[in-house]
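*Asks:* Protein chains in written order, with the working numbering: chain F, 1114 to 1320; chain Z, 17 to 185.
These are calculated hints, taken from the structure and not from any lab test.
As the structure is a computational prediction, the values presented were derived from the model and not from experiment.
Glycine included, C-beta positions come from ideal geometry on N, C-alpha and C.
Incorrect hints may appear among the rest.
If you want the footprint, here are the derived chain Z segments under chain F, 3+ residues with CB under 8 angstroms [unchecked claim]:
(1) 99 to 105
(2) 171 to 183
No farther apart than 20 angstroms at their CA atoms in a straight line, the calculated lysine to aspartate or glutamate pairs in the DMTMM-like style are these [what the hints assert, rightly or not]:
(3) Z:K118 with Z:D91
(4) Z:K102 with F:D1138
(5) F:K1257 with F:E1276
(6) Z:K118 with Z:D40
(7) Z:K102 with F:E1226
(8) Z:K102 with F:D1248
(9) F:K1125 with F:D1138
(10) F:K1280 with Z:D143
(11) Z:K29 with Z:D91
(12) Z:K102 with Z:E81
(13) F:K1280 with F:E1265
(14) F:K1125 with F:D1240
(15) Z:K118 with F:E1276
(16) F:K1280 with Z:D164
(17) Z:K102 with Z:D164
(18) Z:K118 with Z:E176
(19) F:K1280 with F:E1297
(20) Z:K168 with Z:E31
(21) F:K1125 with F:D1147
(22) Z:K102 with F:E1265
(23) Z:K102 with F:D1229
(24) Z:K102 with F:E1272
(25) Z:K172 with Z:D91
(26) Z:K172 with Z:E160
(27) Z:K168 with Z:D33
(28) F:K1125 with F:D1172
(29) Z:K102 with F:E1320
(30) F:K1257 with F:E1314
(31) Z:K102 with Z:E160
(32) Z:K172 with Z:D40
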Amino acid sequence: MSATVDPLAAIKELIPQATERASLDHPAINVPADAVVEALRQLRDRGGYDFLVDLTAIDQGEGVADRFTVVYHLFSTAASTYVRVATDCRGGAAPVAPSVTAVWPAADWHEREAFDMFGIRFEGHPDLRRILMWDGYPNHPLRKEFPLAGVETQLPDLEVAAETGTKVLPAPMAGGPFVAPAGEMNLTNAEPRAKDESWNERHVKPE
Amino acid sequence: MVSSNNELAYNTKIEGDVIVTRADAVINWIRANSVWPMPMGLACCAIELMATASSRFDIARFGAEVFRFSPRQADCMIVAGTVTYKMAPHLRRIYDQMASPKWVIAMGACASSGGMYRSYATLQGVDRIVPVDVYISGCPPRPEALLDALMKLQAKMGRETSARTLLTA
């Protein structure tokens, strides 16, 4: 691909179903879920994008029609250019997307992570298990309705849970999440602080 | 005429081959000066733990240089790092596999209280799953802090009623 050619136009030539996706940096396209595997294959074999940088997902929040989107980042090591491919999942709150492990073996663990964190079921994945949370954990932590502090659950090992009487409990947030002011060079001022300092562990949260 | 005994140290010619002391003093002295740590390195604190074990800080000066990666051969678990809920039961099982008497040092903010990880994945303090003897503040603590904790643990071992515990066990 020469530098004079508009990369987006070249990609659209390869993938007729692609529509342009709003992007601040690299060329980005939307592809329907049933065409994404073929689209990634075309980008790899004919577009020169020979490296799957990342595979992740977006949750738009409850009540949105196409709630979950899977995002693929590809890189061309020859041309040093990126392309972003996004596809909306089918299935609403129980999202389903096709697995691209046949095209990119590297997508295996990325898809397991997206399944673990968002609950997206990748059809055709060889071994779709949780990768970060333990087997049997009932939630998908990166979904919008899941609180950062977590929810009460059993420990992964019931024997240890019975012996210690410990559970998975919501973490005390105390006005958090804690954020550091951006661009602050003074280390004392850059110390992370609670977003809402009107409550902490001693004083309850005002209603 | 009876000569006064000016000997300050133990003298075999006078006292024979017998030393009189308390059983607790002997047992605790032996235990405190040969702590065999179990390095439960789970995050960046483990780097400081390794520094403590190496030449510059040299935990061998306190008799605790025999790091054992088998819980069966260790008696002091040093929890160095962030304990996730996924890891917590394994940590408890490793603790259960250690032979008594055993001690636990919670090294750093994460092991002591969850530290900066106020999130769904992190156990908010390792004392929820194993009994902790010494807590160390810091993120991560310097090796001197770990050595200080070890000395505090040795002092704590010195106060234990080990003989009674052994006889009643």
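*Asks:* For every hint, state whether the structure bears it out.
*Replies:* Outcome of the hint check:
{"no.": "1", "hint": "99 to 105", "verdict": "holds (count 4)"}
{"no.": "2", "hint": "171 to 183", "verdict": "violated (count 0)"}
{"no.": "3", "hint": "Z:K118 with Z:D91", "verdict": "holds, 5 angstroms"}
{"no.": "4", "hint": "Z:K102 with F:D1138", "verdict": "violated, 37 angstroms"}
{"no.": "5", "hint": "F:K1257 with F:E1276", "verdict": "violated, 34 angstroms"}
{"no.": "6", "hint": "Z:K118 with Z:D40", "verdict": "holds, 16 angstroms"}
{"no.": "7", "hint": "Z:K102 with F:E1226", "verdict": "holds, 15 angstroms"}
{"no.": "8", "hint": "Z:K102 with F:D1248", "verdict": "holds, 10 angstroms"}
{"no.": "9", "hint": "F:K1125 with F:D1138", "verdict": "holds, 17 angstroms"}
{"no.": "10", "hint": "F:K1280 with Z:D143", "verdict": "holds, 13 angstroms"}
{"no.": "11", "hint": "Z:K29 with Z:D91", "verdict": "violated, 38 angstroms"}
{"no.": "12", "hint": "Z:K102 with Z:E81", "verdict": "violated, 29 angstroms"}
{"no.": "13", "hint": "F:K1280 with F:E1265", "verdict": "holds, 7 angstroms"}
{"no.": "14", "hint": "F:K1125 with F:D1240", "verdict": "violated, 32 angstroms"}
{"no.": "15", "hint": "Z:K118 with F:E1276", "verdict": "holds, 18 angstroms"}
{"no.": "16", "hint": "F:K1280 with Z:D164", "verdict": "violated, 32 angstroms"}
{"no.": "17", "hint": "Z:K102 with Z:D164", "verdict": "violated, 30 angstroms"}
{"no.": "18", "hint": "Z:K118 with Z:E176", "verdict": "holds, 12 angstroms"}
{"no.": "19", "hint": "F:K1280 with F:E1297", "verdict": "violated, 38 angstroms"}
{"no.": "20", "hint": "Z:K168 with Z:E31", "verdict": "violated, 34 angstroms"}
{"no.": "21", "hint": "F:K1125 with F:D1147", "verdict": "holds, 17 angstroms"}
{"no.": "22", "hint": "Z:K102 with F:E1265", "verdict": "holds, 14 angstroms"}
{"no.": "23", "hint": "Z:K102 with F:D1229", "verdict": "holds, 14 angstroms"}
{"no.": "24", "hint": "Z:K102 with F:E1272", "verdict": "holds, 14 angstroms"}
{"no.": "25", "hint": "Z:K172 with Z:D91", "verdict": "holds, 14 angstroms"}
{"no.": "26", "hint": "Z:K172 with Z:E160", "verdict": "holds, 18 angstroms"}
{"no.": "27", "hint": "Z:K168 with Z:D33", "verdict": "violated, 33 angstroms"}
{"no.": "28", "hint": "F:K1125 with F:D1172", "verdict": "violated, 26 angstroms"}
{"no.": "29", "hint": "Z:K102 with F:E1320", "verdict": "violated, 34 angstroms"}
{"no.": "30", "hint": "F:K1257 with F:E1314", "verdict": "violated, 25 angstroms"}
{"no.": "31", "hint": "Z:K102 with Z:E160", "verdict": "violated, 30 angstroms"}
{"no.": "32", "hint": "Z:K172 with Z:D40", "verdict": "holds, 12 angstroms"}
Hints 2, 4, 5, 11, 12, 14, 16, 17, 19, 20, 27, 28, 29, 30 and 31 from the list above are not met by this structure, while the remaining hints are.
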